[in-house]
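Novice: Work out the full structure, taking the sequences as your base and the hints as a guide.
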Amino acid sequence: MLDRRVVVTELLKNRGNAAVISGLGSPTYDVAAVSPSNRNYYLWGAMGGAAMMGFGLALSMPDLHVIVITGDGEALMGMGSLATIGANKPRNLSIVILDNEHYGETGMQQSHLGMGIDLCAVARACGITQACTVTTGEELQSVAGNFHEMGATKFLQVKVNPDAPPRVMPTRDGVENKITFRKALGID
Amino acid sequence: MSDTSWQQAVYDVIKSGGINLVGYVPDAGHAALINSAKVDNTMHDVVMTTEEEGIPLCAGAWLGGMRSLLLMQSSGVGNCVNMLSLQRTARFPMVILVTMRGEYAEFNPWQIPMGSTTQEVLEICGFKVERVEFEADAAETVQAAIDFAFNSNVGVAVLLSQKMLGRKKWVE
Numbered sequence: 007m008l009d010r011r012v013v014v015t016e017l018l019k020n021r022g023n024a025a026v027i028s029g030l031g032s033p034t035y036d037v038a039a040v041s042p043s044n045r046n047y048y049l050w051g052a053m054g055g056a057a058m059m060g061f062g063l064a065l066s067m068p069d070l071h072v073i074v075i076t077g078d079g080e081a082l083m084g085m086g087s088l089a090t091i092g093a094n095k096p097r098n099l100s101i102v103i104l105d106n107e108h109y110g111e112t113g114m115q116q117s118h119l120g121m122g123i124d125l126c127a128v129a130r131a132c133g134i135t136q137a138c139t140v141t142t143g144e145e146l147q148s149v150a151g152n153f154h155e156m157g158a159t160k161f162l163q164v165k166v167n168p169d170a171p172p173r174v175m176p177t178r179d180g181v182e183n184k185i186t187f188r189k190a191l192g193i194d
Numbered sequence: 284m285s286d287t288s289w290q291q292a293v294y295d296v297i298k299s300g301g302i303n304l305v306g307y308v309p310d311a312g313h314a315a316l317i318n319s320a321k322v323d324n325t326m327h328d329v330v331m332t333t334e335e336e337g338i339p340l341c342a343g344a345w346l347g348g349m350r351s352l353l354l355m356q357s358s359g360v361g362n363c364v365n366m367l368s369l370q371r372t373a374r375f376p377m378v379i380l381v382t383m384r385g386e387y388a389e390f391n392p393w394q395i396p397m398g399s400t401t402q403e404v405l406e407i408c409g410f411k412v413e414r415v416e417f418e419a420d421a422a423e424t425v426q427a428a429i430d431f432a433f434n435s436n437v438g439v440a441v442l443l444s445q446k447m448l449g450r451k452k453w454v455e
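As given, the protein sequences belong to chains A and B, one line each in that order. To get our numbering, take the position in the first sequence, counting from 1, and add 6. To get our numbering, take the position in the second sequence, counting from 1, and add 283.
Worth flagging that the hints you see were computed from the coordinates, not collected in a lab. One or more of the hints may lead you astray.
As the list claims (entries may be wrong) - Below, computed lysine-lysine pairings styled on DSBU-like, alpha-carbon distance capped at 30 Å: (1) B:Lys298 / B:Lys411; (2) B:Lys321 / B:Lys411; (3) A:Lys189 / A:Lys95; (4) B:Lys321 / A:Lys95; (5) B:Lys321 / B:Lys446; (6) B:Lys411 / A:Lys184; (7) B:Lys321 / B:Lys451; (8) B:Lys298 / A:Lys95; (9) A:Lys184 / B:Lys298; (10) A:Lys19 / A:Lys165; (11) A:Lys189 / A:Lys19; (12) A:Lys189 / B:Lys298; (13) A:Lys184 / A:Lys19; (14) A:Lys19 / A:Lys95; (15) A:Lys165 / A:Lys95; (16) A:Lys184 / A:Lys95; (17) A:Lys189 / B:Lys411; (18) B:Lys452 / B:Lys321.
What the hints assert, rightly or not - Which chain A residues stay away from chain B? Per the calculated CB distances, all over 10 Å, these: (19) Asn94; (20) Arg130; (21) Pro172.
What you are looking at is a predicted structure, and each value in this text was computed from that prediction instead of being measured. Note that beta-carbon positions come from the ideal geometry of N, C-alpha and C, so glycine has one too.
Specialist: As structure tokens, this is what we get:
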């Protein structure tokens, strides 16, 4: 089990120009805490939509590394989108699941991933061949090394402790975030 | 499909409106548009497992500057409800073409509950809704929806009436 903030730090510290979509709840706080950027779009709702939002962005900017960082509960709600993404295999999309096996925002109720369900296997079955589970610091270092090299859709299910680090809350104004994000990408 | 069909006219305004991505859950009424998108090398076509996926798909594409459009049946509108909050909260431009069921000459009563509330649901969720009853109006209405959405940052749905689409053949 890894510390979620350490995981996000390791994956994003060499992000360069990469764009990040964060899923509601703790992943949004994690991204805001360790890698604040105008190239982040912070979701505070739309549960189940983070991966598809990343996919849409990846289609529109094929040379941009698009990283979705979300939780296990959020990903489970949009599990069908793994089939949609796997059918298209965007080469510039990486999906990172911070898997604490719980719904952290609502009182730490257990999620399916703590009940024997293997989301990484679902991703692989959906045609995302570069899918792996990360549980140790060594594995994290190994996947972080070439994380920003594009070429295939990536799916990382990272086992993290079910704790709640201090909340760092980015903007909740979706319009403002949309405008600053597009400007950062050079879009009028 | 002839080049003069209303479907071709709608596809032409989708192209001239700068749309480069079509997300859809298949429906017989959308079959011609889906085929047009699939054979067009300059159009991304994305088949989705549920209509709900289309809302963040369009929002993400717009973050990267790409215009997109969704095709779904009236039953699919109900699958989108919470996700429509993404459009409304962040004022993403969005265009949805909806083939209607549960109305004119409907054979299947299971289509009626969602079909009869589709327009109301969309409006409650903040979408502007136009309804098309005649083939001759389809392309102009879709063109207006694209202009409206992308000029004013709103969600616009165009409902294609079941009477216009024609009766579904249940027995061949």
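Novice: Hint by hint, note whether the structure agrees.
Specialist: Tested hints:
1. B:Lys298 / B:Lys411: Roughly 22 Å between the alpha carbons, so the hint for Lys298 of chain B and Lys411 of chain B holds.
2. B:Lys321 / B:Lys411: The given pair, whose Cα atoms are some 28 Å apart, holds under the 30 Å limit.
3. A:Lys189 / A:Lys95: Holds - the C-alpha atoms of Lys95 of chain A and Lys189 of chain A are around 27 Å apart, at most 30 Å.
4. B:Lys321 / A:Lys95: Roughly 17 Å between the alpha carbons, so the hint for Lys321 of chain B and Lys95 of chain A holds.
5. B:Lys321 / B:Lys446: holds, 26 Å
6. B:Lys411 / A:Lys184: Holds: Lys411 of chain B and Lys184 of chain A sit about 21 Å apart, inside 30 Å.
7. B:Lys321 / B:Lys451: holds, 23 Å
8. B:Lys298 / A:Lys95: Holds - the C-alpha atoms of Lys95 of chain A and Lys298 of chain B are around 25 Å apart, at most 30 Å.
9. A:Lys184 / B:Lys298: Status holds; Cα separation ~25 Å.
10. A:Lys19 / A:Lys165: holds, 19 Å
11. A:Lys189 / A:Lys19: Distance ~22 Å between Lys189 of chain A and Lys19 of chain A Cα, so the pair holds.
12. A:Lys189 / B:Lys298: holds, 25 Å
13. A:Lys184 / A:Lys19: holds, 23 Å
14. A:Lys19 / A:Lys95: holds, 25 Å
15. A:Lys165 / A:Lys95: holds, 24 Å
16. A:Lys184 / A:Lys95: It holds: about 25 Å lies between the C-alpha atoms, which stays within 30 Å.
17. A:Lys189 / B:Lys411: holds, 27 Å
18. B:Lys452 / B:Lys321: Measuring from Cα to Cα gives roughly 25 Å; hence the hint holds.
19. Asn94: About 6 Å separates Asn94 of chain A from the closest Cβ of chain B, which leaves it inside 10 Å; violated.
20. Arg130: holds, 17 Å
21. Pro172: About 25 Å separates Pro172 of chain A from the closest Cβ of chain B, which puts it past 10 Å; holds.
In the structure shown, a violation is registered for the earlier hint numbered 19 alone.
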